[in-house]
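Based on the sequences and whatever the hints tell you, model everything.
Here the protein sequences come in this chain order: Y and X.
At position 198 of the first sequence (counting the first as 1) the number is 198 in my numbering, and the numbers step up by one without a gap.
At position 142 of the second sequence (counting the first as 1) the number is 1125 in my numbering, and the numbers step up by one without a gap.
Don't read these hints as lab results, they were simulated from the structure.
There may be inaccurate statements among the hints.
What the hints assert, rightly or not - Chain Y regions said to be covered by chain X (calculated; three or more residues, Cβ under 8 angstroms):
id, region
1, 150-159
2, 325-332
3, 490-498
Said to hold, decoys possible - Here are the computed lysine-lysine pairs in the DSBU-like style, where the Cα-Cα straight-line distance is at most 35 angstroms:
id, chain 1, residue 1, chain 2, residue 2
4, Y, Lys159, Y, Lys335
5, X, Lys1163, X, Lys1293
6, Y, Lys335, X, Lys1052
7, X, Lys1072, X, Lys1058
8, Y, Lys5, X, Lys1253
9, Y, Lys335, X, Lys1256
10, X, Lys1163, Y, Lys3
11, Y, Lys436, Y, Lys838
12, X, Lys1256, X, Lys1163
13, Y, Lys481, X, Lys1202
14, X, Lys1233, Y, Lys339
15, Y, Lys206, X, Lys1052
16, X, Lys1293, X, Lys1233
17, Y, Lys566, X, Lys1072
18, Y, Lys481, X, Lys1258
19, X, Lys1058, Y, Lys335
20, Y, Lys261, X, Lys1072
21, X, Lys1072, Y, Lys436
22, Y, Lys502, Y, Lys436
23, Y, Lys261, X, Lys1142
24, Y, Lys191, Y, Lys937
25, X, Lys1052, Y, Lys261
26, Y, Lys129, X, Lys1275
27, Y, Lys339, X, Lys1163
28, Y, Lys465, Y, Lys618
29, Y, Lys107, Y, Lys159
30, Y, Lys103, Y, Lys76
31, Y, Lys159, Y, Lys76
Note that the structure is predicted; figures quoted are calculated from it, not measured.
Note that CB positions come from ideal geometry on N, CA and C, so glycine has one too.
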Amino acid sequence: MPKDKSIQNVLVFGSGPIIIGQSAEFDYSGSQACLALREEGVRVVLVNSNPATIQTDLDMADEVYLEPLTPEIVEKIIEKEKPDAVLPTLSGQTGLNLAVALKSAFKQFNVQVIGTSVETIELAEDREKFRDLMVALGEPVPESHRVKTVDELAAAAKKIGLPVLLRPDYCLGGEGTVFVTDENDLRTKGKYALQMSGTHQVLVEKSVFGKAELEYEVIRDGNDNCITICSMENLDPVGVHTGESIVVAPAQTLSDDDHQKLRSSAIRIVRALAVKGACNIQFALDQETGGYWVIEVNPRASRSSALASKATGYPIARVAAKIALGYTLTEIQNKITGKTAAFEPALDYVVLKIPRWPFDKFGLNELIGTSMKSTGETMAIGKTFEESVCKAVRSLDLKGTDVLSNASYDATEKRLFHLIERLKTERVEHVAEATKINAWFLHKLKNLSATKTGLVDFAALQERKPVFNMVDTCAGEFAAKTPYYYSTLFADHDEAVASAKKKIVILGGGPIRIGQGIEFDYCTVKAIQALREAGFETIVVNNNPETVSTDFDVSDKLYFEPLTVKDVHRIIQTEKPDGVLVQFGGQTALNLAEPLAALGVNVLGTTVENLNRAGDRKQFKELMTRLAIPTVKSAVARSQTEALDVSKTLSFPLLLRPSFVLGGRAMFVVHNLKQLEHRIEESLLISEGKPVIMDEFLEGAVELDVDCLGDGKNCLVAGVMEQVEETGIHSGDSACVLPAQTLSKNVLERVNLFAKRIVTTLEIKGFCNIQMAVKDNEIYVIEVNPRASRTIPFVSKATGLPLAKMAALIQAGELTLDRVPEPKTRLVAVKAPVFPFKRFPLVDPLLNAEMKSTGETMGFGKTFAEAYLKALHAAGQRFGKNVFVDQDKKHAARMKSAFKDAGLTVTNTLEEADFAVSTEEGQENASLRRQCIAEGKTCVTSLFAALRLAEAIKSAPHFELVALSKVHDAQPTQTRTYSKTGE
Amino acid sequence: MKNAVGLLVFSDGSYLQGQGIGYPRTSIGELVFNTSMTGYQEALTDPSYAGQVLVFSYPLIGNYGISPKAFESSKSWVEGVIVSQACEKPQHYDSGTDLNDFLRAQRVPGIAGLDTRALVQKIRVGGVKPVALDIIDEDLVDTHVKRLQKKALGFDYEKENFVARVSRTKIQSYSPMEPKQAVVLVDCGAKQSIVRDLLQRNCRVHVVPYNASASSILKLKPDGVMFSNGPGDPEQLKQTVSACKDLLGKVPVFGICLGHQILGQALGAKTFKLKFGHRGANHAVQDVRTGKIWITSQNHGYAVHQIPAKAEEWLKNCLDGTNEGLLCDKYNAFSVQFHPEANPGPYDANALFDEFLERMS
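This is the structure we're talking about:
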């Protein structure tokens, strides 16, 4: 079937800010789709409110709208852009929900839905209709009943028999799904589930808890051809969400009969649903009888399809996009082998995925279960299961976790380590019985626990040197053209061959976690693009299966490996690159700079010596004194005694900060000695032997985030961002605005001056992010981070300067800054954070120095008010006309009058209010804030934010659509525009 | 033996050594690889692998043990097995024993701990090749390399008549509860799943030796005749091809794998040896008339070409374009190069048995 020529202009949705359950995987699938569509000559219009995505750059789509992903706004974009078609299935649940909501708009504006139809989406999403279809097909499903009230729910549960699962409709990542074993919990949990559902409907379903959980990724084209890309087996049995499970691919414990049974079932279902593109199907398998049940179907690209793509080398989203244009599988090429995409990948290795959880951020050691709580994941490839486990654990980049204490069988983030520990003494059969984990996995884990060294020194134990093998989709049957490598101790033949070209290794950021998010993947990918354009061979090292940087097509070579000194050095020994870039992959990559340099590796950019001058507190202080730049009074401590001792030289409150960590991990504001004593231990633990910094805390100051580039001599101040929230709240959790709104000309000039002084003195080559605070017209430099910052994509979009590309070219010696003009901004841009509190009902959503946001949105506007409200709207915050202001001894009156002044009604109770403001610490306030989260009401938690919000609401701005291509018409967007060194 | 190593020797004298598993004996065969990630037991008991040493590209073999239900014939026919890791602690409700014990009982020698991907690549580049293997004392490697090299040099897969070894020598009949049609299955090394698929469709099945004549087949009053899969060079099977030719136009004919090559020859086509064959569960074949594809189970070292006009080229392999199916409406005959009976592999093309039933009625 040839391409449908009527499709010339396609609207593609992004999935919005990174939230738990919807992470970088949709930047990956969306970006792949953009590339696949554009190489067919199709114009792509992309809408996504997330600035940190690669898909929202104008070199990925022909037009980009950084606008809220709401049906109203998307409809306006449709009206303006008049697309022929829309592709909604590559942007997660957000895309599906939009497609369903915009059904009539599509009809009105004559927009064709390409790929899987809205009818199919509705059929797969509606659990009752889906269940009926399965019954008609003869596919086994657990018994279930749809209910609308708690009474109906209780009756249904009684009929089915406990345990049951309560599944709310239209929910993401298992959100709201609860498991009920005890009759006494039925009503409370039932009420909660009904509340979580978008339609106030819940499916009560027989639980297949404890059965094996399997997933299949299927692709179907318009000619009814179906193939399965990958089988995946969850190590954790049913009861733990697949996003929370350790997953292995291909399935390890299925016989051919089991596998073909499930594969055939998956294909029957995909055909019956008439999916056109990618589809994920989850099964429960009774491994005592061979019986199975269909659990769930997702007729779209997903986290699992990203994993399957990386695990096999088969680009599912790309193929799905081509199918949406009308191609059949046989007409699409597999770029790795140069042969047809109509085949099923054969693996000759074992892939393991382990999720990364944020429990450390919230001081919790929670059970994992049916609702997703992990923020990201890492994947490892090895020749044996044991090898893949060891590699995946190295890739997790865990810090300061005491893994072996209190080893229990419970499904927690540490279960893997606990199992290995307990298997030292316990029988496999016993552990299998207690955990329902297939004994095959436990025997393998026992092999790891059988040695003293266990996980840590698996490589040394094997007494072998690793070699690199290729991921080639076909187990060596055909010659592969696209090099995608992994290391293994269990092969002899090394397939990695270094080329004679100029080449650079770029280190990625590993799994996505709070504080180290998709921004660093954005930076990594931009660096790759710039260096490729400049004629370098680019070699990427990373281990996050969700990301664009681990798409084998993005770089010249991809090493899917842990980001440890040993693992990276092994690659460098093989590739012998001209240099290594460490500033792009967040702190994970930067932390490798010094040890790699010590091994003789050419670390590009700012020298390790100067990196340390910025990072080491003592050297930093000396430098600031020498440069006559004010800093807050501070001290460092390596022990609790030292901390208490040196605190005498400082005045409280103090801000505690471990060195060399991201995202404010274990960062605290302490107001007295007692609090210091209590908090310092965790800070020291996370600091891992490096000192904890103790700063005098500037209360009520305005914080600035300054992103600069340096070329060794010159400094470009790319953006001075003003934080909306006050000091004490982590900059990653604060909204910020560019250009700064409240600073005087004089202050701004001094900010620029200080930044330039720092950047040139440190001979920064590449990025430099400087945190400053302004109080009473005095500027203090808080810290200097000589690496890509979280705000680089935001500043790039706000200014039109491709900062990450420029930084890469500078470090490669291909660009100097002497002819680059200071950027000007025509519009106001605001970045707003999003938080995962809904997933952590026990956590007080009050913000502090420890970063808790998972992602961000961006809003452009003519005024601050428009941009701020747009960004907040995109972040899901809704305000309405009635506000409840919670008690705040100092500031309640001020806030109330500000809202009244803005024309809002200040209510006496939360019930009457559309949203709340609650800014004070304390039990009662915390419980009100938690109530807001539970009821889905917006809760503003800082004074500054509340005041700015009232101001913005008062000015009642009109939202105007902003096309990214029109924002910087006077600005160059390509690095090519600048002269190269030596030209 | 104290330090038993598995020794794999090529005809050029190069060799690999790993951990010896299975039954210690000298064996000689053609080294081939299979890329399927499941189905090792079905492959090991598939008579088509007679005379071959089988490399599994998937590194973990034996995970779900050995099941009494997954035998494709009465025994294992491979000359040897090469794996990266043989699972010692299998886990499956159907499993009776582990891979090593099975190989020992089947008198099949094997080697574990080899870089099977490197072997796959060697075969891909240089083609299938004769090898000899044995499980020997570590101290005697040099001596055995020389001995085994000679064995490998003396082996010629094309010259051997493997079909004669694997075929039944007497007629064996199977009857379903309510027999409707009768099929004669000419046994060139038939997989039991073919019999199962026919029985499931209420066919009485008479399995006859590979060298049965057309007249002896017709005496069984079949509604249709099938030619099965099997090992070796199809050009050797002159007698079977001639029986097939005699049957054309008299009864509906269906060929699978070697049976496809037999029907092809009977219609006047030729066969040729592929460099390294197709062995796995992931190749797509396409119906050239409709564009539809099936993912298929494949196990063949030869392919059909030079197809005369009276036969229609029905299916082609999506990866290398080789012929995967023939139609001949004139004689109501059809055949496929792959395995619609699956086991191991996908069931995508299983409806071909239904089509055969329709052709018989």
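Practice task
Please work out if Lys436/Y and Lys838/Y have their alpha carbons no farther apart than 35 angstroms.
Solution key: 29 angstroms, holds
Practice task
Verify the proposed pairing of Lys129/Y with Lys1275/X, using a straight-line Cα cut of 35 angstroms.
Solution key: It holds: about 29 angstroms lies between the C-alpha atoms, which stays within 35 angstroms.
Problem - Straight-line alpha-carbon gap Lys159/Y to Lys76/Y, limit 35 angstroms - result: With Cα atoms ~48 angstroms apart, Lys159/Y and Lys76/Y exceed 35 angstroms; violated.
Practice task
Verify the proposed pairing of Lys1293/X with Lys1233/X, using a straight-line Cα cut of 35 angstroms.
Solution key: 16 angstroms, holds
Practice task
Could you grab the alpha-carbon distance between Lys481/Y and Lys1258/X and see if it respects the 35 angstroms cut-off?
Solution key: 20 angstroms, holds
Handout entry: Hinted pair Lys1256/X and Lys1163/X, Cα distance within 35 angstroms
Key = Violated, at about 39 angstroms.
Exercise for the section: Decide if the proposed pair is consistent with the structure: Lys566/Y and Lys1072/X, CA atoms, cutoff 35 angstroms inclusive. Expected result: 32 angstroms, holds
Exercise for the section: Verify the proposed pairing of Lys1163/X with Lys3/Y, using a straight-line Cα cut of 35 angstroms. Expected result: 47 angstroms, violated
Exercise for the section: Sort out whether Lys335/Y lies within 35 angstroms of Lys1058/X, counting only the CA atoms. Expected result: 41 angstroms, violated
Practice task
Examine the region 490-498 of chain Y for residues whose CB is less than 8 angstroms from any CB of chain X, and state whether their number is three or more.
Solution key: Check passed, 4 qualifying residues.
Practice task
Verify the proposed pairing of Lys339/Y with Lys1163/X, using a straight-line Cα cut of 35 angstroms.
Solution key: 44 angstroms, violated
Problem - Three-residue Cβ test at 8 angstroms for the coverage of the region 150-159 of chain Y by chain X - result: As far as the region 150-159 of chain Y goes, the hint is violated, because 0 residues have Cβ atoms under 8 angstroms from chain X.
In summary, the numbered hints that this structure violates are 1, 4, 6, 8, 10, 12, 13, 14, 19, 22, 23, 27, 28, 29, 31.
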